[in-house]
Amino acid sequence: MDTLQYPLLALLFSAVISENVALYYFLGICPLISISSDLKASFNMGVAVSAVMLITTAANWAVYHLLLQPLALEYLQLLFFVSIIAATVQMLELFLDRFFPSMYEMFGIFLPLITVNCAILGVSLFAVLREYSLVQTLVFAAGSGMGWCLVICIIASLRRRIDFAAVPPHLGKTGITMLVAAVIALAFSGLGELMSGGL
Amino acid sequence: MQILLVILLVNAFVLILCALVAVSGHLLRQTGEADMKINQQEARKVACGQTLLPALAETGIYLPAACGGKGTCGRCEVKVASGGSSVTPMETILLAPERLQALARLACQVKVRQNIEVEVPAGLLVAKLFCARLTAARMVAEDIKTLEFSIEGDDELNFSPGQYVQVYYQMPWEKVMRAYSISSPASAKKTFSLDIQRVSGGIVSSYLHQLQPGDTTEVSGPFGDMFLHDDHIKSPIILVAGGVGLAPLRSMVEKLSEIGFPQPVWLFHGARSRKNLYCEEYFRELARQHAAFSYLPALSNPMLEEGWVGSRGMIHELLEKHEIEPVSAATAFVCGPGPMMQAVEKVLVAKGLPSDRILTDPFDFA
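Chains as they are written, first to last, in the numbering used here: chain A, 1 to 199; chain L, 1 to 366.
Hints are computed from structural coordinates only; laboratory data are not their basis.
This list has only true hints and no planted wrong ones.
The list that follows gives simulated cross-link-like pairs (lysine-lysine, BS3-like), each with its CA atoms no further than 27 angstroms apart:
(1) 173/A - 70/L
(2) 40/A - 70/L
(3) 128/L - 255/L
Residues on chain L that point at chain A, a partial pick, calculated with CB under 8 angstroms:
(4) 24
(5) 86
(6) 89
Here's a subset of chain A near chain L, in silico, CB distances under 7 angstroms, partners left out:
(7) 94
(8) 102
(9) 105
Bear in mind the structure is a predicted one, so any value in this text is a computation, not a measurement.
Beta carbons are placed, not taken as given, at the ideal position from N, Cα and C, and that holds for glycine.
Please construct the entire structure, taking both the sequences and the accompanying hints into account.
Structural data, given as structure tokens:
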């Protein structure tokens, strides 16, 4: 599906549903499994990841198009993108620690781990690779963040029910979570196909 | 020319990001002071924004934190009666729900943000901060150095064999600490020794390995629940060490040697190769002198060793094969990497030793 041919709404929809960063590209799976045991923490983590994703994708787009491309140094993109993501997460950590201490403590070690959330780097790289404009990049980043947040919240809601279900003992918590994610991926994919037919 | 441009560009970019983070840190970091009440005594002023672990250290209370305050060892448990921050994910892993309900918290995870009331168990109030001067250092095995320290001033280190100290190292941006078991006899109060294995990328172990005689370092202690008590001496003792986990058991052997091994003592020491096995000659000589002391080393990878006629394989396999009588009355002390300790515990329980008589001290946090 060539999203460049679609209006911004279609790009947003594909980023949230049909090409969901977690379920379609399997990015950011580690925090998806580890945090999704609690709905409130999942939502907060989803918001934090979305914020970092939006800020860093925009910053990475600017650095790529205004600095690296004019100097023909595109091959440095990974180094620059990772540095920007690390610095953004560090500043977000300081911001939450100061103004939202309870959220900061709820995330604990998982907050600095956003730095190595491959979904964030993946979205930045996709935006550059697909040659999106700044507006398209912002829509794509916002959609990807919303999509990741949506998936983690859905999984967290389902895991609350799974906790009381008779899950085969050898499947464990991670195994059943992966299966649940697979079923949601099928549903998202089906909905995407259904909608793309109409768009 | 382009290489120069790349170097300049990357450095300038990283510098700008670092400056941004530093400015954010300066503007956003919580400042000011809060009142901290410890064990219902008079409140003391401490700086806000830090965790309880350094805040308590400011008031002279040094808690055990074998993991260096990362919230993974769970040893700095205190009770926060009021003013504590929210429970972190690490605490929900290490502290049972009933303990959390009883207001138990890990001091390294609680941030001082407001006036706070803390209850520190009496057993944790004995540790002190010492200034230790290195008097001698020698390589005893590949990557393992035995460092001998003397304590400056009038202070004395009153520890039991098996206990450990925490060594501090001031980095430019933070002070880090690591736990190391004392390997010297407990009878010497003004001196102690540590067996330090250099860990790849390890900050404190690298720092300790490059220390020169005459250099000083900050040490707090003693800490640890795994130590040789007078009651243990009345029954047979099984000591099982993996690698540098021998350190606390060395101190125990020294104590038992001083009193002439009144009961049978077995020392099992597992190492990868002979290069990693240390104090071998000393223990062999001790075993020759004392019939009640048995020294049983095993090499897990002896292929490259010429002339090794001792046991091969993992230490728990040797323990399984070796006959220990009477095992049910014995006390076991186990120190080493986590998986090795689990395997040893399994073997000891299978041999008939009650699990409450197996005392362990993992060194995964070193």
